[in-house]
Amino acid sequence: NAGVTQTPKFRILKIGQSMTLQCTQDMNHNYMYWYRQDPGMGLKLIYYSVGAGITDKGEVPNGYNVSRSTTEDFPLRLELAAPSQTSVYFCASTPTDYGYTFGSGTRLTVV
Amino acid sequence: EDKVVQSPLSLVVHEGDTVTLNCSYEVTNFRSLLWYKQEKKAPTFLFMLTSSGIEKKSGRLSSILDKKELFSILNITATQTGDSAIYLCAVGGGTSYGKLTFGQGTILTVHP
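Respectively, the protein sequence lines represent chains A and B. First residue of the first sequence? That's 1 in my numbering, and the numbers climb one at a time after it. First residue of the second sequence? That's 1001 in my numbering, and the numbers climb one at a time after it.
I should point out that these hints are in silico values taken from the structure, not numbers from a laboratory. Here the structure is a predicted model, which is why all the values come from computation and not from measurement. Check before you lean on any hint, since a few could be wrong.
Which residues of chain A face chain B? A partial, calculated answer using Cβ under 8 angstroms [said to hold, decoys possible]:
(1) Leu43
(2) Tyr48
(3) Asn62
(4) Tyr64
(5) Asn65
(6) Phe90
(7) Tyr100
(8) Phe102
Mimicking DSSO-like on lysine-lysine, the simulated pairs with C-alpha atoms at most 30 angstroms apart in a straight line are [said to hold, decoys possible]:
(9) A/Lys14 <-> B/Lys1057
(10) B/Lys1057 <-> A/Lys57
(11) A/Lys9 <-> B/Lys1067
(12) B/Lys1056 <-> A/Lys14
(13) A/Lys57 <-> B/Lys1041
(14) B/Lys1037 <-> A/Lys9
We put the beta carbon where it would ideally sit given N, CA and C, even for glycine.
Sequences are here, hints too, so could you generate the full structure?
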C-alpha cells in the first residue's frame, strides 16, 4: 500500500523554467491538497481538489496551476519559476475531512 | 482570515523534562484542531480535537482543547531525544473540504 507518492524528491530549477510536481494516491481519496512549507513557517495551502474535475485555489495560488483528471493524480504545475517558489512542497489526501495522509515532500530550489 | 498562532516558536529542554506547547486560533465555523509531529520529512498525525475539555492521550503525549478561549495545549511528559521535532497545530473550519490552516510550528529540541 503506497499511500501518497510524490515525485521528484529534489529538484533545482533555473529562474523562468517550468516543471510539474507529481502526486499520486492509491487510497481512492476524494480530497487532495498541495501545501508549501517555507523555513520556520507552517504549511500554506496552494490548491485543493474535492474530486476529479474539481479544483480550487487555496491561500497562495499565484504562480501555480493544478489539474485533477483522475481520482488518483493531482499534479502541480509551476510556470516561469521564481526564487520565491523555493520551498518544500507537500501533497496530501483524505477521504473526508482532516484525516490527512501526506506525501514525503519535494524540495525545490529555484536559482 | 483564519489564523493559528503557536508558542513558543522554539524550546530547548533536557531529557526527562515536561513541556507544554500552545496553540491559539481564530477561525470561522470551527470544526476541529489537529496536532502533527514533523521530523525530517512529512508531518505525522498526533491528535484531532473537536470537543472542549476532553483530553486525548497517547503514551507521554496529551492534548486538550478549550473552544471558549480558542486554544489548545500539547503536553509531553518525560521527554526523550526522539521527541525532538517541529510540532504543528492546524485548524479546520469554514467551508472546510478538509482544508487546514497551520500555525508556524514549535521547534522542540531535547538534549540528552
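So, going through the hints one by one against the coordinates:
1. At about 4 angstroms, the closest approach between the beta carbon of leucine 43 of chain A and any beta carbon in chain B falls short of 8 angstroms, and the interface hint on this residue holds.
2. For tyrosine 48 of chain A, the interface hint holds, since its Cβ comes within 8 angstroms of a Cβ in chain B; the closest pair sits about 6 angstroms apart.
3. The beta carbon of asparagine 62 of chain A comes no nearer than 16 angstroms to any beta carbon in chain B, farther than 8 angstroms, and the hint placing it at the interface is violated.
4. For tyrosine 64 of chain A, the suggested interface contact is broken, since its CB lies about 16 angstroms from the closest CB of chain B, more than 8 angstroms.
5. Hint status for asparagine 65 of chain A: violated, given a least beta-carbon distance of 18 angstroms to chain B, over 8 angstroms.
6. Below 8 angstroms, beta-carbon pairs count as interface contacts, and phenylalanine 90 of chain A has one with chain B at about 6 angstroms; its hint therefore holds.
7. Hint status for tyrosine 100 of chain A: holds, given a least beta-carbon distance of 7 angstroms to chain B, under 8 angstroms.
8. A cut of 8 angstroms between beta carbons decides the hint on phenylalanine 102 of chain A: the least distance to chain B is about 4 angstroms, and the hint holds.
9. Only pairs whose Cα atoms come within 30 angstroms are accepted, and lysine 14 of chain A paired with lysine 1057 of chain B is rejected, the gap being roughly 47 angstroms.
10. With a C-alpha separation of about 35 angstroms, the suggested pairing of lysine 1057 of chain B with lysine 57 of chain A is violated against the 30 angstroms cut-off.
11. With a C-alpha separation of about 39 angstroms, the suggested pairing of lysine 9 of chain A with lysine 1067 of chain B is violated against the 30 angstroms cut-off.
12. For the given pair, lysine 1056 of chain B sits about 46 angstroms from lysine 14 of chain A by alpha-carbon distance, which is inconsistent with the 30 angstroms threshold.
13. For the proposed pair lysine 57 of chain A and lysine 1041 of chain B, the alpha carbon gap of about 25 angstroms is at most 30 angstroms, so the pair holds.
14. Proposed proximity of lysine 1037 of chain B and lysine 9 of chain A is supported: the alpha carbons are some 20 angstroms apart, at most 30 angstroms.
In this structure, the earlier hints numbered 3, 4, 5, 9, 10, 11 and 12 are contradicted, and the remaining ones agree with it.
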